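From first to last, the protein sequence lines are chains A and B.
Just so we're aligned: the first sequence equals residues 45 to 196 in my numbering.
Just so we're aligned: the second sequence equals residues 193 to 921 in my numbering.
None of these hints come from the bench; they were simulated from the model.
All values reported here derive from a predicted model rather than from experimental measurement.
The beta carbon of each residue, even a glycine, is placed where N, CA and C say it ideally should be.
Please note that the accuracy of each hint is not assured.
[Unchecked claim] If we take Cβ atoms under 8 Å as the criterion, some of the chain B residues that face chain A in the derived model are:
hint	residue
1	A401
2	L405
3	P446
4	M449
[What the hints assert, rightly or not] From the derived model, a few chain A residues whose C-beta atoms are all more than 10 Å from chain B:
hint	residue
5	I46
6	K79
7	S155
8	P159
9	K194
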Amino acid sequence: MISLNVNGKNYKVAVSDDVPLLWVLRDYLKLTGTKFGCGIGECGSCTVHINGKAERSCTIPVGKAQGKKITTIEGLPENHPVKRAWIKEQVVQCGYCQPGIMMQVASLISSKPKPSADQVINAMDDVICRCGTHPRIKRGIKTALEFMRKEG
Amino acid sequence: MMNKPISRRSFLKITGLTIAVSATPFGYNVINASAQKDGSFKPNVWFEITPNNRITMTMGPSEMGQGTHTALGMVIADELEADWKQVKIMQGPASEAFKNPVFDDQITVGSASVRGFYEPLRKAGAAGRAMLVTAAAQTWKVPEEECTAFNGTVKHKKSNRSLTYGQLCLKAAKLQIPKEPRLKNESEFRYIGKPVARVDIPEKVSGKAIYGLDVKVPDMLYGVIARPPAYGAKPVSFDQKGAEGVKGVRNIIPTPMGVIVCAETLDGAWKGRDALKVQWDKGSHPDMNNDSIEKHFIEGLDKPGVAAKNVGDAKKALAEALKKVQATYFVPFVAHATMEPMNCTAHVQKDRCDVWASTQAQILSQIFASQISGLPMDKIQIHTTFLGCGLGRRGAFPDFIVEAVTASKAVGKPVKVVWSREEDLKYDFYRAATCQRIQAGLDSQGGVVGWSHKVACSSILKFLNPEWITKEGVDFFSLWGIVDAPIPPVFSHTAYEFPNFYVEQYLSDLPIPVCPWRSVQNAPNAFVVECFMDELANAAGKDPVAFRLPLLKNNMRARRVLETVAEKASWGKAMPKGKGRGIAQHACFGSYVAQVADVSVNEGNGTVKVDRIVAAVDCGPVVNPDTLKAQIEGSVIEGLSTTLKEEIKFSNGGVKTANFDDYKIIKMSEIPEIEVHIIKSNEPIGGIGEPGVTPTAPAVANAVFNATGARIRRLPLTPQTVLAAIQKK
Numbered sequence: 045m046i047s048l049n050v051n052g053k054n055y056k057v058a059v060s061d062d063v064p065l066l067w068v069l070r071d072y073l074k075l076t077g078t079k080f081g082c083g084i085g086e087c088g089s090c091t092v093h094i095n096g097k098a099e100r101s102c103t104i105p106v107g108k109a110q111g112k113k114i115t116t117i118e119g120l121p122e123n124h125p126v127k128r129a130w131i132k133e134q135v136v137q138c139g140y141c142q143p144g145i146m147m148q149v150a151s152l153i154s155s156k157p158k159p160s161a162d163q164v165i166n167a168m169d170d171v172i173c174r175c176g177t178h179p180r181i182k183r184g185i186k187t188a189l190e191f192m193r194k195e196g
Numbered sequence: 193m194m195n196k197p198i199s200r201r202s203f204l205k206i207t208g209l210t211i212a213v214s215a216t217p218f219g220y221n222v223i224n225a226s227a228q229k230d231g232s233f234k235p236n237v238w239f240e241i242t243p244n245n246r247i248t249m250t251m252g253p254s255e256m257g258q259g260t261h262t263a264l265g266m267v268i269a270d271e272l273e274a275d276w277k278q279v280k281i282m283q284g285p286a287s288e289a290f291k292n293p294v295f296d297d298q299i300t301v302g303s304a305s306v307r308g309f310y311e312p313l314r315k316a317g318a319a320g321r322a323m324l325v326t327a328a329a330q331t332w333k334v335p336e337e338e339c340t341a342f343n344g345t346v347k348h349k350k351s352n353r354s355l356t357y358g359q360l361c362l363k364a365a366k367l368q369i370p371k372e373p374r375l376k377n378e379s380e381f382r383y384i385g386k387p388v389a390r391v392d393i394p395e396k397v398s399g400k401a402i403y404g405l406d407v408k409v410p411d412m413l414y415g416v417i418a419r420p421p422a423y424g425a426k427p428v429s430f431d432q433k434g435a436e437g438v439k440g441v442r443n444i445i446p447t448p449m450g451v452i453v454c455a456e457t458l459d460g461a462w463k464g465r466d467a468l469k470v471q472w473d474k475g476s477h478p479d480m481n482n483d484s485i486e487k488h489f490i491e492g493l494d495k496p497g498v499a500a501k502n503v504g505d506a507k508k509a510l511a512e513a514l515k516k517v518q519a520t521y522f523v524p525f526v527a528h529a530t531m532e533p534m535n536c537t538a539h540v541q542k543d544r545c546d547v548w549a550s551t552q553a554q555i556l557s558q559i560f561a562s563q564i565s566g567l568p569m570d571k572i573q574i575h576t577t578f579l580g581c582g583l584g585r586r587g588a589f590p591d592f593i594v595e596a597v598t599a600s601k602a603v604g605k606p607v608k609v610v611w612s613r614e615e616d617l618k619y620d621f622y623r624a625a626t627c628q629r630i631q632a633g634l635d636s637q638g639g640v641v642g643w644s645h646k647v648a649c650s651s652i653l654k655f656l657n658p659e660w661i662t663k664e665g666v667d668f669f670s671l672w673g674i675v676d677a678p679i680p681p682v683f684s685h686t687a688y689e690f691p692n693f694y695v696e697q698y699l700s701d702l703p704i705p706v707c708p709w710r711s712v713q714n715a716p717n718a719f720v721v722e723c724f725m726d727e728l729a730n731a732a733g734k735d736p737v738a739f740r741l742p743l744l745k746n747n748m749r750a751r752r753v754l755e756t757v758a759e760k761a762s763w764g765k766a767m768p769k770g771k772g773r774g775i776a777q778h779a780c781f782g783s784y785v786a787q788v789a790d791v792s793v794n795e796g797n798g799t800v801k802v803d804r805i806v807a808a809v810d811c812g813p814v815v816n817p818d819t820l821k822a823q824i825e826g827s828v829i830e831g832l833s834t835t836l837k838e839e840i841k842f843s844n845g846g847v848k849t850a851n852f853d854d855y856k857i858i859k860m861s862e863i864p865e866i867e868v869h870i871i872k873s874n875e876p877i878g879g880i881g882e883p884g885v886t887p888t889a890p891a892v893a894n895a896v897f898n899a900t901g902a903r904i905r906r907l908p909l910t911p912q913t914v915l916a917a918i919q920k921k
């Protein structure tokens, strides 16, 4: 039995400890906002926060996630600056990669409230978007940072 | 209480004003469908206004990020004079009623949704508005002319009365549909032409949007497939007992696609597949690799082909030309690599079959599900989810649906078939590879007197629909952008006119499957044609824009996008050392796009950095300018990814490429500034999902030439390829 804390809730799941966290979130906890893109940590669609840090849930065995605080896109509040910015800037196209990308951005701007252009590009070079929403991701990040600044 | 027999009247109970559109390639009808439904049978409708003052619109096309649902909703809502806040948009099922008149099929391809439905939906919306106005006038017993519809209500100014659409819908439902309702003038538009926020975005941002891979059905098994490592390979042996011994594994099903392993969990299915340890034979082309493939296409240029176009006498014109230019180009296979890997959930029961899929082709899916399940078409329910990108992969042969339906039928339970990324890249129907040689002759003025073009390529139609290959043997799908197909629907519009013009096609017999990939072959063919145009301009000693314009003298729209983009990008201004500027134009799916690329080239290591892309677009009337910009930005970026990075690798008769670590997609640090200029145009409406991808590769390659003097005739422009061209110069 695996014990998990996801989005502030405690779960007990009967699953082998080598199953990637991604599939436990999706198939056992029905949190399908976290997406499967590559399974090797290359694309970032599966990004969640573990103890506040952006991590690739597809490469983390669920056993290693026990005792840690996991946040998924469903646990990011609807009024989170990144979610609001993504709607305001109409960032999304197909939207499949965006939950992972938003989690990546949320982690970036919480650790670096004034990121340099290079820091933004570095962080976003870690993810893949096939629709080509990159210009709007940049705009979305700017807007999210503005929301944060204005609202403290 | 006794059961009362249900009367026909109660079946026909009117619950709201329902307007449907029935469209074929020969025309369309707008129908009052209000009386054609009952509790159990829900007709496929475009929109329904109900007494709760809601407007529900049901859409046939799939939503894959191109913003179709919002755009079509805007068209209806505008002519209907609805309040956008009342509108709810739903994905429709597979149905004849949703056929796009461009294709006579319910399929979301060819940048055709808004193109095909713009006019019918305007008329449907306008008909609804007229009926609601009539209903109000009758209620108040005043002349219709005194009543106006505005934002979901009808008002009678003189008496200061108003009624909502919800209050009027039941009365309006009993009226005849007006034959020629008055359409709005452009100045009256309230949504069309305005940047309306997409309806699907909040759901997608919340993480709650459901894609194919997110579908869950009670009692569902997971199916994964052990697939052949080489084309044509058959299993020699597999360890069925070993796989069955894995926890949760329930069924092992050998099929022509591979061996399906069904298990209670995905993890179990994957571990079961590992335990199968399938041994395969060597397949049909054991020695095939990248080198042999490229050689095969180059040799195809000297093999006899079939004439696809023959105007004048190109051979004679070339022989007599003052100057001759010849070049050979190659574009490799690339993958769709949609972020959502292929998947499908199916449940075959005795009397029905349900399919949940992110698909671009509902009726095609229904046909295959019907054939495999043995159930008639009307027993097949296709539940279309959001698509994690389509790009054409989900609009051709629905292999993922075939697999899920086959598995579910075999096990008698719902089965979700899941592809890994490796499977998605290795078992794609790729963008067709093409090798092309052009010879052209110039006169003393720099005019093109003859153009002879040989194309050796994969046949898209061989995999899509062999019946569409002409009896002479021409696959026009593989030639879009070089010659126009002689029969509609027309998806490319060759821009230039040559007095002597010859095109010959040799179709490859390689087993590598291909299918349409955003713009089909317009993008690879535009790369060849527009780069060669640049070569001709250079040979003629002319500016690339000035050289093209006379060749476009009968093509106002192509000239206009070219001139607009040249002006917006400051074409003609000298570039600093190490930087270059290139231009290209292309038209397809009813729209015209030209782009200027600015690049920096490191001549020491061959690295190309694209600094800026400026695009000019003429797609006729614009429904949602923000979506248009997003589509052009996305097209440019995807175009750049194939220009700079993407190529599928083959070895030992199969695909070597495995995952995103060896199939690189463009990332943030490589994204240039992108400017999109929309040309105000009253030309017929064109599509916008695909045309933007076509001029990017040639504009970049032409810019590299401008910067370095080195001509790159092969995609992608990797540092090695660019460096080799620079050293050869």
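Here is how each hint holds up against the structure:
{"no.": "1", "hint": "A401", "verdict": "holds (6 Å)"}
{"no.": "2", "hint": "L405", "verdict": "holds (6 Å)"}
{"no.": "3", "hint": "P446", "verdict": "violated (25 Å)"}
{"no.": "4", "hint": "M449", "verdict": "violated (21 Å)"}
{"no.": "5", "hint": "I46", "verdict": "holds (13 Å)"}
{"no.": "6", "hint": "K79", "verdict": "violated (7 Å)"}
{"no.": "7", "hint": "S155", "verdict": "holds (18 Å)"}
{"no.": "8", "hint": "P159", "verdict": "holds (13 Å)"}
{"no.": "9", "hint": "K194", "verdict": "holds (20 Å)"}
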